[in-house]
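Top to bottom, those sequences are chains A and B. Under the working numbering, the first residue of the first sequence is numbered 1, with each subsequent residue one higher. Under the working numbering, the first residue of the second sequence is numbered 115, with each subsequent residue one higher.
Just so you know, these hints were derived from the structure itself, not from any lab. Wrong hints could be hidden among the right ones.
Claimed, not checked - Here are the simulated DSSO-like pairs of lysine-lysine, each with C-alpha atoms no more than 27 Å apart in a straight line:
{"no.": "1", "chain 1": "B", "residue 1": "152", "chain 2": "B", "residue 2": "130"}
{"no.": "2", "chain 1": "B", "residue 1": "117", "chain 2": "B", "residue 2": "184"}
{"no.": "3", "chain 1": "A", "residue 1": "57", "chain 2": "A", "residue 2": "13"}
{"no.": "4", "chain 1": "A", "residue 1": "57", "chain 2": "B", "residue 2": "117"}
{"no.": "5", "chain 1": "B", "residue 1": "152", "chain 2": "B", "residue 2": "184"}
{"no.": "6", "chain 1": "B", "residue 1": "152", "chain 2": "A", "residue 2": "57"}
Stated by the list, open to error - Restraint ranges, calculated between C-beta atoms of paired labels, are given here:
{"no.": "7", "chain 1": "A", "residue 1": "62", "chain 2": "B", "residue 2": "130", "range": "30 to 36 Å"}
{"no.": "8", "chain 1": "A", "residue 1": "17", "chain 2": "B", "residue 2": "199", "range": "44 to 50 Å"}
{"no.": "9", "chain 1": "B", "residue 1": "229", "chain 2": "A", "residue 2": "39", "range": "44 to 50 Å"}
{"no.": "10", "chain 1": "A", "residue 1": "41", "chain 2": "B", "residue 2": "186", "range": "23 to 29 Å"}
{"no.": "11", "chain 1": "A", "residue 1": "20", "chain 2": "B", "residue 2": "155", "range": "40 to 46 Å"}
{"no.": "12", "chain 1": "A", "residue 1": "63", "chain 2": "B", "residue 2": "140", "range": "44 to 50 Å"}
{"no.": "13", "chain 1": "B", "residue 1": "178", "chain 2": "A", "residue 2": "41", "range": "23 to 29 Å"}
{"no.": "14", "chain 1": "B", "residue 1": "124", "chain 2": "A", "residue 2": "79", "range": "33 to 39 Å"}
{"no.": "15", "chain 1": "B", "residue 1": "130", "chain 2": "A", "residue 2": "20", "range": "43 to 49 Å"}
{"no.": "16", "chain 1": "B", "residue 1": "126", "chain 2": "A", "residue 2": "39", "range": "16 to 22 Å"}
{"no.": "17", "chain 1": "B", "residue 1": "212", "chain 2": "A", "residue 2": "60", "range": "18 to 24 Å"}
{"no.": "18", "chain 1": "A", "residue 1": "59", "chain 2": "B", "residue 2": "178", "range": "28 to 34 Å"}
Here a beta-carbon is modelled for each residue, glycine too, at the ideal position from N, C-alpha and C.
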Amino acid sequence: KAGVTQTPRYLIKTRGQQVTLSCSPISGHRSVSWYQQTPGQGLQFLFEYFSETQRNKGNFPGRFSGRQFSNSRSEMNVSTLELGDSALYLCASSARIQWDYGYTFGSGTRLTVV
Amino acid sequence: AQKVTQAQTEISVVEKEDVTLDCVYETRDTTYYLFWYKQPPSGELVFLIRRNSFDEQNEISGRYSWNFQKSTSSFNFTITASQVVDSAVYFCALSEAITGNQFYFGTGTSLTVIP
Numbered sequence: 001k002a003g004v005t006q007t008p009r010y011l012i013k014t015r016g017q018q019v020t021l022s023c024s025p026i027s028g029h030r031s032v033s034w035y036q037q038t039p040g041q042g043l044q045f046l047f048e049y050f051s052e053t054q055r056n057k058g059n060f061p062g063r064f065s066g067r068q069f070s071n072s073r074s075e076m077n078v079s080t081l082e083l084g085d086s087a088l089y090l091c092a093s094s095a096r097i098q099w100d101y102g103y104t105f106g107s108g109t110r111l112t113v114v
Numbered sequence: 115a116q117k118v119t120q121a122q123t124e125i126s127v128v129e130k131e132d133v134t135l136d137c138v139y140e141t142r143d144t145t146y147y148l149f150w151y152k153q154p155p156s157g158e159l160v161f162l163i164r165r166n167s168f169d170e171q172n173e174i175s176g177r178y179s180w181n182f183q184k185s186t187s188s189f190n191f192t193i194t195a196s197q198v199v200d201s202a203v204y205f206c207a208l209s210e211a212i213t214g215n216q217f218y219f220g221t222g223t224s225l226t227v228i229p
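One chain only, chain B, in its complex shape (with noise of 0.2 Å):
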């Protein structure tokens, strides 16, 4: 069973428009981290965010925000004011204590910023 799902395949926004990444994961277990990371054209996966199971709290961090929500098994990613370089391939993960240092990372969205 899939993990972690990210519906959206891929997303085309104007730049300056705000833009919703979605990604609802699946664990048993009450111990966990979530990941997000950016994917550049070259290859290299860039973290952006860690967070666990036992804070809720929502982060912002310049455009960037992240709204956690157990109840809803939902970790959403929201960038403000996109731009041309948000272009990217986005990754939502989990990582869980009962399966130690391994990624389930789901299939990830394609963010294309239109200038």
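Bound-form chain A, shown alone (with noise of 0.2 Å):
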């Protein structure tokens, strides 16, 4: 059974450009998060979508968006990046929508803007 699967692994960008990140899920899961991963603030949630609704947003700017397709693929999307921006984007599925469940995640995105 295939992993989560996120790409590209690697990405560098410059100030100002937008990027988008890909994340496909476990076959049959339809619950999908996001998280970034940086040494300073360390893990923090992004959103989650479930059925192609975000169902729930972390703190973060309006620059951060996502959406979930009818295959229960995802994307997000970063607009207007800043140096800060650089980071691991990890993204995690999950078989059921209760929030009791744990999720499987990928092995991340690294982000490097310059």
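Combine both chains into one complex, guided by the hints.
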């Protein structure tokens, strides 16, 4: 069974550009969450989607957005990139909608903004 | 306020030693789950254990064991007879019924096992 797949694995962008990251959940999983990991702030929740609907959003500026497609694949977009957006972005999927179920994480996309 | 605190930033042990990673959490919710994840250098977070707030039974899985104590809001993780492959960053996380499908992660403990 394939795990959570995130593409690309590495990305280098310039300040002011925008970027789109992709996440393919485990087959059959309908809940997808995104997290940002930085040395200074640690792991922080970005947003969570279920059946193409955003159910929860973390405390990030509007430059961070996401969406989920009918096949449960998800994308997140960051516009007007800042140096501080350099981070490892992790996607996680879950088979259930309930809050109490664990998530399987992907290996992440490492974004570097220069 | 930090919901999950992992006070140990870095720990180094010699192979075959036992090591305990501490986790203290804070929540007003009576229904919550606690998790431990392992993050090897590849970056992927690997699920280790999930424990709900109503089950204070300690758990053992091979060389791993977990001690959940609601009285002290702690959920500590012990590795017995550590091995080099245990070297990784370990994260404790909390999810609450009130905030739904959102994990609050601790800052992680970097464990190095020296051969």
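Going down the list of hints, with the structure as the test:
no., hint, verdict
1, B:152 with B:130, "holds (19 Å)"
2, B:117 with B:184, "holds (14 Å)"
3, A:57 with A:13, "holds (25 Å)"
4, A:57 with B:117, "holds (17 Å)"
5, B:152 with B:184, "holds (23 Å)"
6, B:152 with A:57, "holds (24 Å)"
7, A:62 with B:130: 30 to 36 Å, "violated (51 Å)"
8, A:17 with B:199: 44 to 50 Å, "violated (39 Å)"
9, B:229 with A:39: 44 to 50 Å, "violated (27 Å)"
10, A:41 with B:186: 23 to 29 Å, "holds (27 Å)"
11, A:20 with B:155: 40 to 46 Å, "violated (26 Å)"
12, A:63 with B:140: 44 to 50 Å, "violated (30 Å)"
13, B:178 with A:41: 23 to 29 Å, "holds (28 Å)"
14, B:124 with A:79: 33 to 39 Å, "holds (36 Å)"
15, B:130 with A:20: 43 to 49 Å, "holds (47 Å)"
16, B:126 with A:39: 16 to 22 Å, "holds (19 Å)"
17, B:212 with A:60: 18 to 24 Å, "holds (20 Å)"
18, A:59 with B:178: 28 to 34 Å, "holds (33 Å)"
Figure legend: structure checked against the earlier numbered hints; hints not met, in rising order: 7, 8, 9, 11, 12.
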